[in-house]
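> Sequence:
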Amino acid sequence: MRFSEVFDLPLTIDVRTAARMLGLCPATVYRRLKEDDFPCPVLRPGRQYRIPTAGMLRAMGIDEVPVHAEDLQRGAGYAAAEDADPEDRT
1 MRFSEVFDLP LTIDVRTAAR MLGLCPATVY RRLKEDDFPC PVLRPGRQYR
51 IPTAGMLRAM GIDEVPVHAE DLQRGAGYAA AEDADPEDRT
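Position 52 of the sequence shown, counting from 1, maps to 52 under the UniProt record's numbering, and the rest follow consecutively.
Derived from the structure by calculation, the hints contain no laboratory data.
Quantities reported herein were computed from a predicted structural model and do not represent experimental measurements.
Positions of the beta carbon are idealized from the N, C-alpha and C atoms, including for glycine.
Some hints here could point you the wrong way.
Using C-beta positions, here's what the derived DEER-type ranges look like [stated by the list, open to error]: (1) Pro45 with Glu70: 19 to 29 Å; (2) Ala69 with Arg47: 42 to 52 Å; (3) Arg74 with Gln48: 19 to 29 Å; (4) Thr28 with His68: 31 to 41 Å; (5) Arg2 with Cys25: 31 to 41 Å; (6) Ala80 with Glu35: 24 to 34 Å; (7) Gly75 with Pro39: 35 to 45 Å; (8) Pro41 with Arg2: 23 to 33 Å.
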């Protein structure tokens, strides 16, 4: 998952998205959920699992930090260049 994609995540994510973020296969994530060995709190509405995005980001070491306009512009430029042509980054 690209850093630019993190800004588009909803309040909760599904198991496949969590697996992508952790670099694991979904089966491994399901196993860890069943063993109660997941790195952040998990919701279970009905039969499905939902992972709060904020908890997932904290588990990955991405805490809430101040964001400055200059950083956003630089990040947006990087993301646009990455989407356009991965070889054309500066």
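> Next step is simple, just say for each hint if it's right about the structure.
Now the hints, each set against the structure:
Range check, Pro45 to Glu70: Cβ separation about 40 Å, and the 19 to 29 Å hint is violated. Look at Ala69 against Arg47: about 43 Å separates their beta carbons, and that is inside 42 to 52 Å. The hinted window of 19 to 29 Å between Arg74 and Gln48 is violated, with their beta carbons roughly 37 Å apart. Between Thr28 and His68 the CB atoms are about 36 Å apart, so this pair conforms to the stated range of 31 to 41 Å.
The hinted range of 31 to 41 Å is not satisfied by Arg2 and Cys25, whose Cβ atoms lie roughly 19 Å apart. At about 41 Å, the beta-carbon gap between Ala80 and Glu35 misses the expected band of 24 to 34 Å. For the hinted restraint 35 to 45 Å between Gly75 and Pro39, the CB-CB distance of approximately 25 Å leaves it violated. One distance hint, 23 to 33 Å for the beta-carbon pair Pro41 and Arg2, holds here, with the actual separation near 25 Å.
Hint violations for this structure: numbers 1, 3, 5, 6, 7, all remaining hints satisfied.
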